[in-house]
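**Student:** Chain by chain, the residues:
There are 2 protein chains.
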Amino acid sequence: MRNFELYVPTKMIFGKGEIKKLSNEVPKDKKVLLLYGGGSIKKNGIYDQVKTALKEHTVIEFSGIEANPEFTTLLKALEVIKNENIGYMLAVGGGSVIDGTKFLSSAALYEGNDPWDILANRIRTVKGLPFGTVLTLPATGSEMNSGAVVSRSETNEKMVMGGPGLFPEFSICDPTVVHSIPKRQLANGIADAYTHVLEQYMTYPADAYLQDRFSEGILQTLIEIAPSVIKDPSDYKAASNFMWCCTMALNGYIQKGVPTDWSVHMIAHELTAFYGIDHARTLAVILPSAYTKKFEHKKEKLAQYAERIFNITEGTIEEKAKEAIKRTEGFYQSLGIDTRLRDYTDDYEGFSKKVAKNLTDHGMTALGEHQDITPEVAAEIVEMSY
Amino acid sequence: MRNFELYVPTKMIFGKGEIKKLSNEVPKDKKVLLLYGGGSIKKNGIYDQVKTALKEHTVIEFSGIEANPEFTTLLKALEVIKNENIGYMLAVGGGSVIDGTKFLSSAALYEGNDPWDILANRIRTVKGLPFGTVLTLPATGSEMNSGAVVSRSETNEKMVMGGPGLFPEFSICDPTVVHSIPKRQLANGIADAYTHVLEQYMTYPADAYLQDRFSEGILQTLIEIAPSVIKDPSDYKAASNFMWCCTMALNGYIQKGVPTDWSVHMIAHELTAFYGIDHARTLAVILPSAYTKKFEHKKEKLAQYAERIFNITEGTIEEKAKEAIKRTEGFYQSLGIDTRLRDYTDDYEGFSKKVAKNLTDHGMTALGEHQDITPEVAAEIVEMSY
Numbered sequence: 001m002r003n004f005e006l007y008v009p010t011k012m013i014f015g016k017g018e019i020k021k022l023s024n025e026v027p028k029d030k031k032v033l034l035l036y037g038g039g040s041i042k043k044n045g046i047y048d049q050v051k052t053a054l055k056e057h058t059v060i061e062f063s064g065i066e067a068n069p070e071f072t073t074l075l076k077a078l079e080v081i082k083n084e085n086i087g088y089m090l091a092v093g094g095g096s097v098i099d100g101t102k103f104l105s106s107a108a109l110y111e112g113n114d115p116w117d118i119l120a121n122r123i124r125t126v127k128g129l130p131f132g133t134v135l136t137l138p139a140t141g142s143e144m145n146s147g148a149v150v151s152r153s154e155t156n157e158k159m160v161m162g163g164p165g166l167f168p169e170f171s172i173c174d175p176t177v178v179h180s181i182p183k184r185q186l187a188n189g190i191a192d193a194y195t196h197v198l199e200q201y202m203t204y205p206a207d208a209y210l211q212d213r214f215s216e217g218i219l220q221t222l223i224e225i226a227p228s229v230i231k232d233p234s235d236y237k238a239a240s241n242f243m244w245c246c247t248m249a250l251n252g253y254i255q256k257g258v259p260t261d262w263s264v265h266m267i268a269h270e271l272t273a274f275y276g277i278d279h280a281r282t283l284a285v286i287l288p289s290a291y292t293k294k295f296e297h298k299k300e301k302l303a304q305y306a307e308r309i310f311n312i313t314e315g316t317i318e319e320k321a322k323e324a325i326k327r328t329e330g331f332y333q334s335l336g337i338d339t340r341l342r343d344y345t346d347d348y349e350g351f352s353k354k355v356a357k358n359l360t361d362h363g364m365t366a367l368g369e370h371q372d373i374t375p376e377v378a379a380e381i382v383e384m385s386y
Numbered sequence: 001m002r003n004f005e006l007y008v009p010t011k012m013i014f015g016k017g018e019i020k021k022l023s024n025e026v027p028k029d030k031k032v033l034l035l036y037g038g039g040s041i042k043k044n045g046i047y048d049q050v051k052t053a054l055k056e057h058t059v060i061e062f063s064g065i066e067a068n069p070e071f072t073t074l075l076k077a078l079e080v081i082k083n084e085n086i087g088y089m090l091a092v093g094g095g096s097v098i099d100g101t102k103f104l105s106s107a108a109l110y111e112g113n114d115p116w117d118i119l120a121n122r123i124r125t126v127k128g129l130p131f132g133t134v135l136t137l138p139a140t141g142s143e144m145n146s147g148a149v150v151s152r153s154e155t156n157e158k159m160v161m162g163g164p165g166l167f168p169e170f171s172i173c174d175p176t177v178v179h180s181i182p183k184r185q186l187a188n189g190i191a192d193a194y195t196h197v198l199e200q201y202m203t204y205p206a207d208a209y210l211q212d213r214f215s216e217g218i219l220q221t222l223i224e225i226a227p228s229v230i231k232d233p234s235d236y237k238a239a240s241n242f243m244w245c246c247t248m249a250l251n252g253y254i255q256k257g258v259p260t261d262w263s264v265h266m267i268a269h270e271l272t273a274f275y276g277i278d279h280a281r282t283l284a285v286i287l288p289s290a291y292t293k294k295f296e297h298k299k300e301k302l303a304q305y306a307e308r309i310f311n312i313t314e315g316t317i318e319e320k321a322k323e324a325i326k327r328t329e330g331f332y333q334s335l336g337i338d339t340r341l342r343d344y345t346d347d348y349e350g351f352s353k354k355v356a357k358n359l360t361d362h363g364m365t366a367l368g369e370h371q372d373i374t375p376e377v378a379a380e381i382v383e384m385s386y
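Line by line, the protein sequences are chains A and B. All residue numbers for the first sequence refer to my numbering, where the first residue is 1 and numbers rise by one. All residue numbers for the second sequence refer to my numbering, where the first residue is 1 and numbers rise by one.
Simulated from the structure, these hints should not be mistaken for laboratory data. Being a predicted model, the structure only gives us computed values, none of them experimental. Where hints are given, some of them may not hold.
All copies of an identical chain are treated as equivalent in the list; a pair is satisfied when it fits inside any one copy or across any two copies.
Straight-line C-alpha distance at most 27 Å; calculated DSSO-like pairs for lysine-lysine [to be verified]:
{"#": "1", "residue 1": "K127", "residue 2": "K11"}
{"#": "2", "residue 1": "K127", "residue 2": "K21"}
{"#": "3", "residue 1": "K30", "residue 2": "K127"}
{"#": "4", "residue 1": "K55", "residue 2": "K30"}
{"#": "5", "residue 1": "K28", "residue 2": "K127"}
{"#": "6", "residue 1": "K11", "residue 2": "K21"}
{"#": "7", "residue 1": "K21", "residue 2": "K55"}
{"#": "8", "residue 1": "K31", "residue 2": "K11"}
{"#": "9", "residue 1": "K42", "residue 2": "K183"}
{"#": "10", "residue 1": "K237", "residue 2": "K183"}
{"#": "11", "residue 1": "K326", "residue 2": "K293"}
{"#": "12", "residue 1": "K293", "residue 2": "K353"}
{"#": "13", "residue 1": "K76", "residue 2": "K43"}
Could you build all of it, start to finish, from the sequences and the hints given here?
**Tutor:** Structure follows, in structure tokens:
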């Protein structure tokens, strides 16, 4: 097991009917900026619950944060924060709204000239403007971690940021929101969380037995609840486990003490940046090829995963490992998610070169747990996924 | 899954060679009270490492906190805190030293007349004197939670306390300390952590699939590493997983969203209070009888545990469940821990009545996940464990 530091100070408030607790969690002596997306929270009743809970607070609203939150949109919110002297933010939404809020948390206290530098220069945020969240879409785990992803469509860029100052002070997760989420987004959420676990698990044996068991526990639970979540999102048993899996998949606990990969995410981000394909679906496109390309490095953990998750006990390590990749692709497909780039676009010729160039431009020239995925190797992986 | 709140703000610093980080974690502008036990830290080199790391701090020492920390001993430390105007505490030890420090954290800011009231009246500590820990004995999980147990031998009492103000600010866990721990205490630590998991897991199915998987992951890992830890405590792979299991067994993550039992602990505490039997060993004595007595309520989870942990796939639920109790008793015995009261004392006749009286006196008249373990039922459980 590797040495690690683990610090997750977000207060998690989990369960049905808990949104009312906002009234005590959000400070009353600060002007609050309520941030949300395209208005689905007005249809599913969350908006009303939030406004009721905050009826004694001074609240200003900023809506319209899109999926893959846009830098230019966030700059408008930043202006509101500065003009209105906002002292606290409340993100009500999924990973995009929360990630956008994290960017704002950092940018509000950033002393440089151009807030884009936070992303471009990977500036670690040690102190941000405080905020809480109400999660409306389980998937990214952003509600209990300190990372964020922000896009800039004008330049086809999708960049990551983070730092210990970016944990939400609290997050309220009410699994009853799941019932109002479209099937497409439920499938995305499950695939996203599943892939988050794999990025932290599917490397090489590192004697972190407990972390492996926890990762496997999340994978097993996601496989177990996926059909119920898709079939009947009002099934509270399935919805609550789905929601908690998504949080635990990326709140640090399975990541600490182990090598991590994340090359699938870094490569897949380019598919969203160029084609606008849903984040989770880009992961499902890239992952099978990435694991096939890095088979020799990953085969031992792939075989362990085959045994423990899919009960594949027969065959050599290689046979088990290959079957594990197939089963993983099959799991994505069972969610209704296509796993080839050609399923999403006809215009993929030459795309691999663009990916290689973008990765080079962003300094991501050594991805993966062995830092041996160069832009050229990434391009091969992309070509394998056409 | 039940609604829950989860807040674990302790910064965990885990790994070999990390004690040096004390110099940055302990504030330099406060007078520090260094608390430890009987001096084993002077033999294993931890004391020297701590003192070296704190060479720029103002440090006063208080040693002699015993196993099952004594109220009267702690009162002496409290006097030091008040006389010396201590602003920060550093606990260097196992669960007893850390628990004692938690009591002091609460007592230092307590405004009542008699600090015993914190225990007797179960006063929840919202704000305590800040402290950090260096863990030298993996077992209780006290390094990353906000609970403590304090004893008063003059009255044969062992009482629990807690509150959100009692989380260590940080804990440093260096698994190399394991190599210097006597085998008896290693066995105790494994048994203690294992039982902590069972207290939070072995109740009834509550649709908390992920929590179940995490609990099972800790149990599986403890079973896997136990022989290596006992045989060769310098085996870092085993020691590090052992240490992390102990923390994760009681830092809140497997407890949230599920019913919990804790009756085994509450009854077993009386065995320590009366006979001075090691805490972990009292758990091993009481647990098999408690599960046998509450078999009907626990059989479904016992059967799940039989299947997932011991691969018992044949038989009825009842048969699997019975076998699970046997295997659990066998696991304790495999650690060299006796599982009957008569193995520890000849003087057990009539003891069950004393337990019933003590539980009554302390208001613990409805234990267990169904709150149906009255002092009379507890007495029966004790008699079954003679």
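**Student:** Within a copy, between copies, both or neither: where do K237 and K183 come within 27 Å Cα-Cα?
**Tutor:** Close inside one copy (17 Å), not across copies (43 Å); limit 27 Å.
**Student:** From the Cα coordinates, with 27 Å as the cut-off, is the pair K28 and K127 best called within, between, both, or neither?
**Tutor:** Answer is both: 21 Å inside a copy and 21 Å across each meet the 27 Å cutoff.
**Student:** Between the shortest in-copy and the shortest cross-copy C-alpha distance, which are at most 27 Å for K31 and K11: within, between, both, or neither?
**Tutor:** Close inside one copy (21 Å), not across copies (30 Å); limit 27 Å.
**Student:** Measure nothing new, just compare the shortest in-copy and cross-copy C-alpha distances for K11 and K21 to 27 Å and report within, between, both or neither.
**Tutor:** both (12 Å within a copy, 26 Å between copies)
**Student:** Could you figure out if K21 and K55 sit no more than 27 Å apart (CA to CA) within one copy, between two copies, both or neither?
**Tutor:** within (12 Å within a copy, 45 Å between copies)
**Student:** How would you classify K30 and K127 at a CA-CA limit of 27 Å: within, between, both, or neither?
**Tutor:** Classified as both; 17 Å inside a copy, 23 Å across copies.
**Student:** Go through the copies and call it for K127 and K21: within, between, both or neither, with a Cα cutoff of 27 Å.
**Tutor:** Result: close both inside a copy and across copies, 25 Å intra and 21 Å inter.
**Student:** Within a copy, between copies, both or neither: which one fits K42 and K183 at a CA-CA cutoff of 27 Å?
**Tutor:** within (19 Å within a copy, 61 Å between copies)
**Student:** As a check of your reading, is K293 near K353 (CA-CA no more than 27 Å) within one copy, between copies, both or neither?
**Tutor:** within (17 Å within a copy, 68 Å between copies)
**Student:** If the cutoff is 27 Å on CA atoms, where do K326 and K293 land: within, between, both or neither? Let me know, please.
**Tutor:** within (14 Å within a copy, 47 Å between copies)
**Student:** Cα distance capped at 27 Å. Does K55 pair with K30 within a copy, between copies, both, or neither?
**Tutor:** Classified as within; 14 Å inside a copy, 42 Å across copies.
**Student:** Between the shortest in-copy and the shortest cross-copy C-alpha distance, which are at most 27 Å for K76 and K43: within, between, both, or neither?
**Tutor:** Within one copy only: 25 Å inside a chain, 62 Å across chains, cut-off 27 Å.
Violated hints: none; the structure is consistent with every hint.
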